[in-house]
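Protein chains in written order, with our numbering: chain A, 1 to 613; chain B, 614 to 1226.
Simulated from the structure, these hints should not be mistaken for lab results.
Please note that a few of the clues may not be correct.
[As the list claims (entries may be wrong)] Taking lysine-lysine pairs in the DSSO-like style, the calculated list, with each CA pair at most 30 Å apart, reads: (1) A:K588 - B:K1201; (2) B:K1100 - A:K588; (3) A:K487 - B:K1201.
Protein chains: 2
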Amino acid sequence: MLSHLWHLIIGSPLPTQNLAHERLDKIRALAAFSPDALSSVAYANQEIYLSLVVAGSAGLAFSWPIGLAITGLLIIVATSYYQTIHGYPSGGGAYIVARENLGTLPGLIAAAALTVDYSLTAAVSLTAGVAALASAFPALWAYKVELALILLVIITVINLRGIQESGTVMAVPVYSFLGAFLLMIGIGLVRLIVEGPGHLTSVAPPAVQSLTPLLVLHAFATGCTAMTGIEAISNGIPAFRPPEARNAGQTLIIMAILMGMLFVGSIGLTQFLAVIPRAEETILSALAHRIFGESPFYFLVQLSTLLILAVAANTSFADFPRLAAILARDGFLPHQLAGLGDRLVYSNGILTLAGVAGLLILLFGGDTHALIPLFAVGAFLAFTLSQIGMVNHWQRTRGKHWKMKAFLNGLGGLITGATMIIVGVSKFTEGAWVVPIAIALLTFGFMRIRDHYRDVAQELSLSNVADLPTSIPPRPRIVIPISGVHKGIVNAVNFARAIGQEITAVFVELEPGSGEQIRSKWAGLWPDIPLVVLPSPYRSLVGPLLDFLDETDREHNDGQLAVVMLPEFVPARWWHFFLHNQSAWLLKTALLYRRRRMGFQRVIIDVPYHLRR
Amino acid sequence: MLSHLWHLIIGSPLPTQNLAHERLDKIRALAAFSPDALSSVAYANQEIYLSLVVAGSAGLAFSWPIGLAITGLLIIVATSYYQTIHGYPSGGGAYIVARENLGTLPGLIAAAALTVDYSLTAAVSLTAGVAALASAFPALWAYKVELALILLVIITVINLRGIQESGTVMAVPVYSFLGAFLLMIGIGLVRLIVEGPGHLTSVAPPAVQSLTPLLVLHAFATGCTAMTGIEAISNGIPAFRPPEARNAGQTLIIMAILMGMLFVGSIGLTQFLAVIPRAEETILSALAHRIFGESPFYFLVQLSTLLILAVAANTSFADFPRLAAILARDGFLPHQLAGLGDRLVYSNGILTLAGVAGLLILLFGGDTHALIPLFAVGAFLAFTLSQIGMVNHWQRTRGKHWKMKAFLNGLGGLITGATMIIVGVSKFTEGAWVVPIAIALLTFGFMRIRDHYRDVAQELSLSNVADLPTSIPPRPRIVIPISGVHKGIVNAVNFARAIGQEITAVFVELEPGSGEQIRSKWAGLWPDIPLVVLPSPYRSLVGPLLDFLDETDREHNDGQLAVVMLPEFVPARWWHFFLHNQSAWLLKTALLYRRRRMGFQRVIIDVPYHLRR
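Just chain A, with the same shape it has in the complex (with noise of 0.2 Å):
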């Protein structure tokens, strides 16, 4: 009935042979993979804003070249992961970059970082879209954890049905927003060439800080944050339609372009339009208000706004998952990761995913700003290591231009360490300390799974028949712990004689003296089959057997472990469970945990009774 429900839920199972169809074309993958990339050019903006206001309009006249030079950086790192595209096409971006260039261990890092970033991409978003949605509408905020939280379940419920359909969901708010953003440009530059531009000296508040060059690097790095979600098509290339590299790479260069034309167009407006926002004013909200006034299109920007906001979560569903199923091929994540699920996406990881955001939603009350300090630093971790991982790259298989395109990663990936260096310092004590010990605890627990499963392997290695002991084992000893003489383990009884060589009842005498009546039910039915009473003075049912089965093989001395059987109910519905003793539960567990000198364990068999009523 559980399943049934779970199929309602998620759709049908589908056959694997269906795997290669399950992928997006273009449009869709765009819709799918630059949410979190677009998003964050709202939040930029108003960073960079907010720390250049301090200084006045001597500061705010620093934006646009700001925004140029992010630009710029933003250039390089798409060209870096286009790059990556084409030599890694089967996905792991920041991860399989660093790992196969730099060595195990900073690919292990990359990977941290990532697996940090996309957790907090997800809590972020959803809790952005939510304050989005409660400032339109104040009666929300009381209910923004539980908002925040029924998006999350929409999104995983989306996921889990599959990507080409999350694809198609998630195109309506990506390509609104792309349409109103370009609208809002496009207007704007037309109304900056007709009424010429503004003068920010006449309206821009008064300086409290001087402009400094620290000041400027500091909005410099704060408008960094624009690049966050870039590298989500480097991880997610095996869900393009073939030829997915070239496809990818393609989608990338849209993507970037239009981040940048966003990023440089809105900012631009902002400055030479002399836009100054309201007390409790977003910068975008003043820019579009500035050029379609209290028109219906200013709502059609704001809406689209938290609309990409709330599916930028999906990102990380996107791409966690897939990053996820990479590691545990590997051997560094437990394998159940590595598995497609019903719909043939890796739905254990978008299980994973879920749970950490929706925990990272509750620990910080639904609060965006108490987040955001923990972000972006994973994010440029991951790009400093795959840039320098693809400069060892270049070095090594130097083809054409190698040099310059070393040059050109090794640039990208000193800004962008630098940038982690400057977010990462001037954020420490707002929370970002937190970010360091989650990606070494990440990456510590990577390494210790991946050895598990190296002793694993090695352990049960077996090459050859000579590995294989030649002659067959007797029929075994078996003892019958029984709870009374019942139809119940009438089968067990003769399944016993079936296949062992000398049988054995056991019970268990809880309260003194109820042996001595199951001993003479015993005898009248089973006369040949020697029936023990074990007395239990600390009222355990499992130390006493436990005991008994040690001694027996200690005074047999054969070489040979007593097999257990165990007669079972099976109870015909579900709360029957709860009235049943659990003792054959109990005994399985203790078996199965207790641990033997020799590292061989005792056989159980389960012999189970189906209760009809």
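Based on the hints, put chain B in the right spot on chain A.
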């Protein structure tokens, strides 16, 4: 390790032979069973005052008559329970009496009513205790739920350690409460004689309502909450030292006398000293103030009131587990509730009560006032059923003075029944409507559980040898599902050879093409055992395997079901559990819960392989 932690908290296991010694002497028994009854005196006074003060001094003049009437009722109920203890010395109180004299259904209704009341007593006493504490230290109000839960955990642990120790721990608050209150009443009497009575008319607030018979009746009904808890001893007789019934009866008489003295003394002094509380002061606090002034004795009275409220919850812990054990022995609750734990207490009953009380505290946000209206209805229903049952008992047994005894019980039953109706009706809309629903659901549950156990007993009954099959079944066909070719399956293959007649290995091909490699490795090692590779287009492990088993049974058509032999990893560390596909577990669950038309279940053989690292 978990088991060590458990024994550190609750103490080492005690042998069953200690059982007779783990009994309470009368001093400790009074401490263990009386806090509920004694502490209810405190709020009954308050309820009577609040009911009467609306009619001014004319109303308050009825305090003393009402106090005397309730004391009269107390004598009747105590007499009835004294008779019950001697009539039913193995305990069970209202349940036993109602069941034996009125039938199973009334007995179960009484048991359900007591169950509801015990849960509420535990929750209400803890929240009231915390409220009293928080009144003294207002900073604690914000943590009232947490504090109530901490108290609950402490009381649970004390009870899990064993009742003798809990009697010892409880003795301090109970006897300091008794000492403080008896001292207060004694000094109050001296002051009354020395100073002469006060005049209510000069101090009482003006009447806002006229004095009607209904108002007096309502005050009487609310004051009857003083009697909740009086039944505790009759349920707990087996916890007394032998001779149990005699000791329990004497303890009941002592408790009833103390209750009466405290109640009549305090309510009489309140009226004759003309005590009127300040705003936000309880009537008992006002009385203590009047008698002791601001001396340390006033604080002693208040502190001991707080403490006895906190430990009143313990009465439920002393009684509910015993009632649950009796119900479990009669087959109306799961058998597990009838078993004595490591420390010779009914651990499962204690934990169940702790869970329910904790849930009530959480659901009602630690608010006593929200819980109070649910309270007392259950207790009075149990009283009524018990006393009507005793009437029947006297009619049947017809001993000395049986008419007088039956009359007393009948009168008591009539009055408690009327009280129950008045309390239920007057508090119906405040939440008391939940109680009859809960009692009905519990009663229904008891009967469903009994029906199930009866059905199972019938189904399993095995009265003579003719029921047993005479032929020994042949050696079984064995199917071994494998996840790969490694050392973990060597033991399974050897064991299969020892006991089986036809062995087949099965590999489910989750990834298309993965079967080929397995097949060739298998053929090199075990050429004489066939390996079947099953395709799995929907990547399900369990589905294809179950289908294969059904099919092979159909082909062989020998009246046997193939036995499934599962090679299973036992990890060396707990966290390794998450690193291996839980396929063995999944398969076992699917096999156990798949119903067979023939009602016979497939045998499952676990061959564990213990991983060393």
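Each hint tested on the structure:
1. A:K588 - B:K1201: This hinted pair holds, its Cα atoms lying about 13 Å apart.
2. B:K1100 - A:K588: Given that 30 Å is the threshold and the Cα spacing comes to 22 Å, the pair holds.
3. A:K487 - B:K1201: holds (22 Å)
The structure is consistent with each of the numbered hints, conforming to all of them.
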